[in-house]
Each structure stands twice: as C-alpha cells, then as structure tokens.
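Q: Sequence:
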Amino acid sequence: MTVSPDVTEPETARIAADLHRLLPAWLARQRWFGGKDWAAPEVEPVLVETVCADGPRLLLVVVRTEHDEWYQLLVGERDAVPAGLTGAVIGPSGGALLYEATGDPELMGRLLDRIAAGGTAGAVEFHRLPGADIPAGLPAAVLTAEQSNTSVAFGGRMMLKVLRHVVPGPNAEVEMLAALRRAGDVPSAAPLGWMRTSPSAPGGGITLAVLQEFVPNRGDGWAIAVEEARACVVGECESVAPLGGFAEEAHALGRATARVHAALAEQLETRELDPAQVDRLVEALTRRLEAAVDQVPALLPFARQLRAVHQDLGEVAKRGNAPLLVQRVHGDLHLGQTLRAEDGWVVIDFEGEPGQPEAERRRLQPALRDIASMLRSFDYAAHHALADVLGVPPGEQSPQNLHGTRLARRASAWAVHNRGAFCAGYTAAGGTDPRSQPVLLRAFEADKAVYEAVYEAHNRPAWLSIPMAAVRRLAGRHRPAG
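All you need for the working numbering is the position in the sequence shown, starting with 1, plus 11.
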C-alpha cells in the first residue's frame with residue numbers, strides 16, 4: 012500500500028485497516044460496483060492518499076477486490092457528515108466518520124482547485140491542459156444519471172467524471188477527447204484536465220478522473236427519443252412522416268456521428284485489414300457469440316445462423332471492392348451517450364464498452380460498430396416507449412394481444428424510420444452510407460444484440476425479449492454472401 016505524504020504512516024495504516032474492514036459490505040451496495048453477486052467481497056486498499064488536508068480531509072482510495080477488479084473512491088473524513096450525505100457514510104475511523112465524498116460540495120471544490128493548480132499529491136498526479144479555463148469557487152453538485160461512474164458538475168461550466176472501475180494503462184477517453192480537441196469544431200465536450208496515479212504507484216498510471224466542459228443541453232438522446240417514440244405510439248405525432256417522429260433529430264445525430272468518426276480518423280491511427288486480420292475479426296465475433304450462448308441458452312437456436320452471418324462478413328470484407336477500414340471509434344455509442352445542445356448534438360462518454368479491458372477499448376474497429384450500436388438504440392427506444400404506454404415490460408406483454416396491433420406497428424415503424432434517418436444523416440456528412448454495406452452492418456448489429464441479450468439476462472430478464480427479437484430477425488433473414 013502507498014503511504015500518503017500528508018498524514019503520518021500510522022494514521023494512513025489505521026485508515027486503510029478501517030477501510031479494509033468497512034468496505035466489503037458498503038461496496039456491494041453501490042450502483043457502480045460490478046460484482047453485484049458478491050454479498051461482501053474481499054477488498055484490499057492498495058492506495059490511500061490525502062489529496063486535500065487543510066480542513067476536512069479528502070482521501071483518494073484505490074481498492075482491489077478478490078477478483079482483481081480495481082475501484083476508486085473519494086473518501087471524506089469529518090466529525091459529522093454534511094446534511095444530505097448520511098447515506099454516503101462508510102463507517103467510523105479514529106473518532107471521525109469516513110464517507111463517500113463526491114456529494115460533498117466543499118471537498119469537490121477543493122479537488123477542482125488541485126486539478127487547476129496541477130502538480131502531485133504523493134502518487135496522484137493532477138494535469139491541466141494548456142489554455143484550459145478552470146475557474147475557482149463554482150458550486151459543485153453530484154449528478155445522479157450515471158451508473159458506472161460518478162459525475163460532479165461545477166456551476167454549469169465544467170463536469171468532473173470520477174471513474175469507478177479503474178484499470179491500469181492509457182485511458183481511451185483521455186486519448187480520444189484530446190484528439191477531438193486537436194481536430195477542432197467537433198461535437199464533443201472539450202477536455203480540461205485529468206487525474207491519474209503515477210507510473211510507480213500500484214497498478215502504474217491509472218486514470219482516475221476526467222475534467223471536461225459542461226454542455227448545457229435540453230436532455231440526452233435517450234430521454235428525448237423515448238418521449239418522441241411514445242408520442243408516435245399513442246398517435247400524437249404526424250405518423251412517421253419524413254419530418255415527424257424524431258427523424259430530423261436522428262438525421263442531425265447521424266451527421267454529428269460522422270463528424271466524430273472523421274475527426275478520430277484524421278487525428279489517430281487508421282489502417283486497412285488484410286485477409287488474416289479479417290479472419291481474426293470473424294473469430295473474435297464468433298468467440299463472443301459462443302461465450303454468450305453459454306450464458307444465455309435462448310441464443311442457442313440462432314447460433315448456427317449467426318456464425319454464418321460472421322462468415323459472410325469475412326467473405327465480403329476479403330473480396331469486396333473496397334478494403335475494410337478500421338480506426339478508433341466511440342465503442343459504446345447509443346442514444347444515452349449524446350446530448351441535445353442548443354446548436355446540435357454532442358457525443359459524450361468515450362470510455363468504450365463497459366466491462367471490456369482497456370486494450371480492447373483502444374483497439375481499432377470498423378466505424379460500422381458504432382453505427383450498429385446506435386441503430387440498436389433506436390430499436391430499444393421504440394420498445395421502451397411501447398412498454399411505457401402499455402404499462403408492462405416486454406417480457407410480460409401477451410403476444411396474442413400485441414401481435415399486429417396498431418401500437419406495436421407504430422413503435423416498429425418509428426424505429427425503422429429513424430434508423431434510416433440516422434444513416435442518411437451520416438452519409439450527408441461525408442460518411443460511407445451504412446446501408447451500402449448490409450452484410451457488414453448486419454454482422455455488427457447482430458453482435459450488439461447478442462451483447463444486449465447477455466446484459467438483459469443478467470440484469471433485466473423481463474427485457475430479454477428486446478434483443479432476442481433482433482437476434483431472431485437478423486439470423487432469420489440471413490442469406491449466404493454472394
């Protein structure tokens with residue numbers, strides 16, 4: 012364990028020992044903790060640093076679980092926790108209370124000052140991008156929308172994303188945000204700074220938090236799309252005419268996505284896949300499928316057709332007129348990763364697919380992966396809206412009552428229409444029309460649906476029918492590549 016330079020070694024050891032005792036039960040209750048099946052995971056504090064010592068203490072803590080997963084906490088130490096934070100209490104330590112401090116405006120303001128000043132606190136490094144405007148004294152407020160991380164907003168000007176499940180090595184989001192900043196005029200939130208551990212610390216160079224500009228917005232794409240889809244399901248929009256049912260926004264979102272892809276391709280590495288690399292891509296898709304079938308038996312009847320879809324991708328990619336290009340991509344693009352700012356859509360959260368190793372998140376991929384993920388999100392929004400209108404989740408809806416009904420048809424039409432509008436917008440902004448590569452798009456969309464099936468089976472079994480309907484559609488319409 013690394014000893015903080017701002018407290019005595021016995022005091023740090025005492026805090027670490029108390030955290031070792033207190034955290035197992037507390038960690039298991041946190042929404043961002045990945046091991047929900049562990050009632051009380053074994054936890055080892057591997058880093059305890061005091062980053063703010065003047066007044067109530069703020070400690071940065073990194074722990075490692077028995078399954079070798081690493082998590083970060085920002086821990087406050089006070090005689091009594093601020094009002095409204097009693098639910099964040101971890102437990103007593105040395106006559107004071109330890110608590111999760113992202114909801115403490117005073118301590119978060121002092122942490123922002125540390126990032127603005129740069130420098131180090133023991134094994135923690137604070138980095139401020141040259142020219143970044145980081146004003147002091149802004150009110151801090153923790154946001155509640157995220158699940159895998161925790162974000163703190165500062166006066167409507169900045170947002171600090173505190174990473175929870177941390178991994179060693181270069182951080183994909185920091186790299187891509189910096190690349191988009193260099194490109195200029197790209198619809199993303201500008202980075203301002205970040206925190207990381209030093210290379211000599213346990214784990215070596217772990218990115219801890221990213222400070223970005225705060226984007227004033229009318230809401231995220233998911234909330235807006237679901238509301239629009241709901242209006243169409245109940246007949247309050249002008250059917251799904253070319254300019255109705257969210258189509259204008261979907262078209263603009265496609266344009267924004269193409270601009271992001273173009274900037275990433277310009278600033279970071281791109282390459283063409285040779286036949287051997289195409290084969291490895293197909294093998295990776297098939298491995299993901301096989302792992303998913305082991306976890307979700309409902310996928311088994313479609314496994315043979317889906318393997319054939321993967322093989323078709325390989326054949327088309329190797330003999331097509333144009334080579335298969337790969338580049339850095341968002342990696343987890345969906346409606347919830349977008350914000351509707353006053354002047355258009357902004358793409359956020361470039362961390363990549365949750366649960367994937369950092370090296371996998373940084374791997375070059377076809378841009379069609381992002382597009383397929385967004386297309387699946389439109390399908391989800393339509394089903395979510397339909398479920399809201401009917402008052403029951405998809406798994407509890409009666410096929411006899413729903414099949415062929417007007418509401419279901421409207422939801423499906425909304426999804427199809429807006430998927431097309433997104434692709435048209437992507438093409439209008441200079442991207443390759445995704446619809447011109449149907450075999451490749453089908454393979455990546457099927458891969459995403461399989462991923463969704465695993466997620467739903469583990470987290471929301473009542474929603475498993477949504478990705479399974481997509482799996483059935485994509486496998487059932489398979490035709491050998493010719």
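Because the hints were derived from the structure by calculation, they are not lab data. Don't take every hint at face value.
Said to hold, decoys possible - Using C-beta positions, here's what the derived DEER-type ranges look like:
id	residue 1	residue 2	range
1	ARG32	ASP196	24 to 32 Å
2	ASP196	ALA147	25 to 33 Å
3	LEU311	PRO150	19 to 27 Å
4	ASN228	ASP305	47 to 55 Å
5	GLY402	GLY230	21 to 29 Å
6	PRO141	ARG282	27 to 35 Å
7	GLU294	GLU353	39 to 47 Å
8	ALA39	PRO312	46 to 54 Å
9	LEU336	ARG299	38 to 46 Å
10	GLU326	PRO150	51 to 59 Å
11	ARG446	ALA480	38 to 46 Å
12	PRO179	GLU294	35 to 43 Å
13	PRO141	ASP290	41 to 49 Å
Since we're looking at a predicted model, the values are computed, not measured. In this text, a Cβ means the ideal position worked out from N, Cα and C, and glycines have one as well.
Q: Please go over all the hints and tell whether each is borne out by the structure.
A: Tested hints:
Here the CB-CB span from ARG32 to ASP196 is close to 52 Å, at odds with the stated 24 to 32 Å. ASP196 and ALA147 have their C-beta atoms about 29 Å apart, which keeps the hinted 25 to 33 Å range intact. The given range of 19 to 27 Å is broken by LEU311 and PRO150, whose C-beta atoms sit roughly 53 Å from each other. The hinted window of 47 to 55 Å between ASN228 and ASP305 is violated, with their beta carbons roughly 40 Å apart.
Checking the proposed 21 to 29 Å range against GLY402 and GLY230 shows it holds: the Cβ atoms sit about 23 Å from each other. For the pair PRO141 and ARG282, the beta carbons lie near 30 Å from each other, so the given range of 27 to 35 Å is met. Separation of GLU294 from GLU353 is about 45 Å and conforms to the stated range, judged on CB atoms against 39 to 47 Å. The hint said 46 to 54 Å for the Cβ distance between ALA39 and PRO312, and at roughly 36 Å that hint is violated.
The hinted range of 38 to 46 Å is not satisfied by LEU336 and ARG299, whose Cβ atoms lie roughly 21 Å apart. As the Cβ distance of GLU326 to PRO150 is approximately 58 Å, the hint placing it in 51 to 59 Å holds. Restraint check, ARG446 to ALA480: a C-beta distance of roughly 21 Å breaks the suggested window 38 to 46 Å. The hint said 35 to 43 Å for the Cβ distance between PRO179 and GLU294, and at roughly 26 Å that hint is violated.
Distance hint check for PRO141 and ASP290: the Cβ-Cβ separation is about 44 Å, which falls inside the suggested range of 41 to 49 Å.
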